[in-house]
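Listed below, chain by chain, are the residues.
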Amino acid sequence: AQSVTQLGSHVSVSEGALVLLRCNYSSSVPPYLFWYVQYPNQGLQLLLKYTSAATLVKGINGFEAEFKKSETSFHLTKPSAHMSDAAEYFCAVSRTGTASKLTFGTGTRLQVTL
Amino acid sequence: DSGVTQTPKHLITATGQRVTLRCSPRSGDLSVYWYQQSLDQGLQFLIQYYNGEERAKGNILERFSAQQFPDLHSELNLSSLELGDSALYFCASSVGQGSGYTFGSGTRLTVV
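One line per chain: the protein sequences are A and B, in this order.
For the first sequence, my numbering assigns the number 69 to the initial residue and increments by one for each residue that follows.
For the second sequence, my numbering assigns the number 48 to the initial residue and increments by one for each residue that follows.
Excised from the complex, chain A in its bound form (with noise of 0.2 Å):
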C-alpha cells in the first residue's frame, strides 16, 4: 500500500521567504506523486506531479517538487514566497496504473506573514 507522511501541519514563512513543504513517501512499486493547494472554501488544484520522468518538477505559481527515490522524499519549494501562497498544501500518491486512487497526507497549512 502506498502512503504519505508530511511532515508539519503548519509551517509560517515570510514575505520573500523561501518555502520548504516536507513530503515522504512509502510506496512498494514506483509511485507517481502529486502536490495539491487548496485555498479556502475551495477544492484541491494540481500544482504538480512527479510521473518517473524528471525527478525535478516545476508547476504553477513558481512551486517545484523533486523526487529523491533515496530518502523517498518529495518536498515542495519555492524561492519567495508571496501572500497569496497561503492555503492547505496536500501531498499524495497512487501506483502507477490505471486510473488508481490517490492516497492524501494529512495535509500542511502554510501562513505567510509581512
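In short, the hints are calculated from the structure, not lab data.
A hint or two may mislead.
Said to hold, decoys possible - A short, non-exhaustive set of chain A residues, derived as facing chain B with CB atoms under 8 Å:
| no. | residue |
| --- | --- |
| 1 | Phe-102 |
| 2 | Tyr-107 |
| 3 | Gln-110 |
| 4 | Gly-111 |
| 5 | Leu-112 |
| 6 | Leu-114 |
| 7 | Lys-117 |
| 8 | Lys-169 |
| 9 | Thr-171 |
| 10 | Phe-172 |
| 11 | Thr-174 |
| 12 | Gly-175 |
| 13 | Val-180 |
Stated by the list, open to error - Derived DEER-like restraints, expressed as beta-carbon distance ranges:
| no. | chain 1 | residue 1 | chain 2 | residue 2 | range |
| --- | --- | --- | --- | --- | --- |
| 14 | A | Ser-96 | B | Thr-62 | 39 to 49 Å |
| 15 | B | Gly-50 | A | Asn-109 | 15 to 25 Å |
| 16 | A | Ser-77 | B | His-57 | 18 to 28 Å |
| 17 | A | Gly-84 | B | Gln-114 | 16 to 26 Å |
Every residue, glycine too, gets a C-beta built ideally from N, C-alpha and C.
On the provided structure of chain A, position chain B as indicated by the hints.
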C-alpha cells in the same frame, strides 16, 4: 472553473435523513472519485468509478452508496445520516494514469 461540477454546494439536513450528491466530471474523463474531507479524518477516499463500473472502494460506510451513469455523471447517496457525517464531500475526475485528478469545489454537508 475546474470543469468538474458538484451540486449542491451546501446541504443542511437532519439526522436519519438521506441525501444525494451529484457530480459531473470534466469532459473526456472516464474516472470519478469521491472523497470525504473532515477536520479529524482529513481526506478519505470513498469510492472510484471508471466508465460506469466500480473500480475501487475505500473507507465507505455501508450507509453510503454511489453509482456512475452512462453519461458519466455520478451520484453519492448518503442515508441514515449521523452528526459525524458532516463534512466536505469532493468529487474528482481523471482521464487516466498519472494524470492526477481535477477536483470539484465540493458539497458541504451539515447534519443537525
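**Request:** Against the earlier hints, flag every one the structure doesn't satisfy and list their numbers going up.
**Result:** The structure conflicts with hints 2, 13, 17, although it agrees with all the remaining ones.
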